[in-house]
Amino acid sequence: MPGLYGVEIVRIALLFVNAIGLWFVVLINSHKTDKKISNLFSTMVILMFIWVNLAYFSRILDIEIGIKLIRIAWSVTPLFFTTILYFILEFLGEKKKIYQKIKLAFLLISILFVFITLFTSAIIDKIYFINQILQIEYGILSWVFFGTVCVLSFLNIFLLLRKRFSTSENNQKFETNCLLVGFSSFFLLNGIYNIILPVFYQRFNLYYLGDYSTIILISFIAYAILKAKLFKLFISLPTLLMAAIFIILFTDLIFLTPDPTLKLIKLISLLTIAYISYLLMKSVQRQTEQREEIEQLVQRLEKANKDLRMADKTKSEFISIASHQLRTPLTSTKGYLSMIADGTYGKVPPKIKEKIDCVFYSNERLIKLVNELLNVSRIEAGKIKYEPEKKDLEKILYQIIQDFRIVAKEKGLTIKFKKPKEKLPEMLLDEDKLRQVILNIIDNGIKYTNKGGITVSLEKKDNNACIAIADTGEGIRKEDLEKMFQSFSRGSTGVMLSREGAGLGLYIAKKFIEMHDGKIWAESKGLKKGSQFYIQIPIK
Amino acid sequence: MKKTIFIIEDELMLADMYKEKMEMAGFEVIQAFDAEEALKKIEGTNPDIILLDILLPRQSGIYFLERIREKEEFKETPVIAFSNFDDSETRKMAFDLGAKDYLIKTNYTPQEILDKVKKYIK
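Residue numbers (numbering that gives the first Met the number 0), protein chains in the order written: chain A, 0 to 539; chain B, 0 to 121.
Okay, chain A solo, but in the shape it has when bound (with noise of 0.2 angstroms):
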């Protein structure tokens, strides 16, 4: 059994950036991260395994084989700095063509570098021990290829600092701070054990701490990543605890196990539990997803009240801005008129007053018109509030029949009253609405009857006053008879005998009516045949 000094430190270490690096390949691959990125950060994880476990090898087995192997493990190195070039400008969402350009130019540099060290001498000449100490006789290339990874280190280093003095997001500040303290952290520790040392001072013996220190970088990125995707980053106990597991059973294959079938069960077995916690960790994702979906769609819904709530200010504001601009100039219209038709401005010739009289009957309808369409609108809006008092329901009825006996006699129709047997007691009422409701449906009957007339008649019925309007009109077909308290109908009837109106007012009757708890129907036996309306109101 192997003890924990020297070289076997280096070796736990090794094990150590391995599982962590398979680790981190399996956390990024089970969220829903970017394509892109998770695949740039899955090839960079690979490029380290080949670098660091190659650049071991190569310092434990026979000089013919080490020198493949750690030519191999350098030639890598170039890509290696490369994809993270790529990475950093896909994380950073630089789309510039220069860009493009830059990374292509590394690409095919690098991977000339990996024909260069593979197959000849020019970076790599020789290698041979001292002590047990790796020792590298450079080629001639070789400051060709530490100038080219000095480059690349430099230039993601400058697009990273470039971003964090740019950027005023938070998030994205702290994302870019990650890669900087992992990326910089890397170069140094890369830079100093594996270039200035052994070239400068030929000190061999702490490679390792230059090629783990890929470790750091790939950890940092990891985060960044994890973070840009969550907004709170969310490593859930299980994830550890799988992760510890992990690696005391990695580690323990390696160690633990010279047996090769007790090897074979326990890389199995380890592999089961890579794919259970990948499972898991994918289950996790989704219940932060789940919770990220929920926040957003409260935040939407915040939104969507918001917008209601501005709607609604501004539904209240058109409506006091249209009642007071529309009827202003409505008013100084129906005023100059009847002062005109009046004689105020001295006699009009009686074929002019005719016409004027036109004009301001005109006028009247185009009133009663704004006059409606703002009543629905402020129904529908909410604003129209019901301001009931204690009134005498007969008495109101019995004013407005008396309102309505000259207009009524003009037109050859009678208008009658029929009093109830029972006399109602005072009941709490809107007289306002009220007063509107029995008036347009007095109008309607006068409108729509040629002969006869309209009788109005009240009663108590099971502590309701009930109100019946019946006139020997037009009558209503039966299709028409539910459709007329709806907004703009205005029934068959309406439209053959009348242009008038825009089927507003019966809308607003059964809006008055119903703020009393009351009901309102209409009945008619057919065309021609007259029609009754009826307002029953509970008496409170």
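Hints are supplied without guarantee of correctness; some may be wrong.
Sample of chain A residues facing chain B (criterion: CB under 8 angstroms; computed from the structure) [stated by the list, open to error]:
(1) Leu117
(2) Ser120
(3) Lys281
Rough simulated footprint, nothing fancy, chain B against chain A, three-plus residues with beta-carbon under 8 angstroms [claimed, not checked]:
(4) 330-344
(5) 363-375
Think of the hints as simulated: they come from the structure by calculation, not from any bench. Glycine included, C-beta positions come from ideal geometry on N, C-alpha and C.
Assemble the complex: chain A is given as a structure, and chain B must be docked to it using the hints.
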């Protein structure tokens, strides 16, 4: 002696129309076009009735009504509020400040407003 009516109305066309109607009916008319002007002009006068528009520039008619009700000489002056803004809260505020009526302008001809003035004048 002529009765005085103080008309506060910011729409020039309507102000002239009501002024003309009231003068033809034998009233002396004082006009103002906003609340601040009205507060200045009412000092030293003793109108028999005030015809007050509610939606005025800068300060509303309610603001004017609140200010004059603080003064002893105008506590009992009849006020008819009129507006094309039919708002129940504003209406209630006007009545709480002693307005005799709250009319929607489009619903009344100048003659009908004159009838209301004659009904409420002191």
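Status of each hint after checking the structure:
| no. | hint | in the structure |
| --- | --- | --- |
| 1 | Leu117 | violated (87 angstroms) |
| 2 | Ser120 | violated (92 angstroms) |
| 3 | Lys281 | violated (59 angstroms) |
| 4 | 330-344 | holds (count 9) |
| 5 | 363-375 | holds (count 4) |
In this structure, the hints that do not hold are numbers 1, 2, 3, in rising order.
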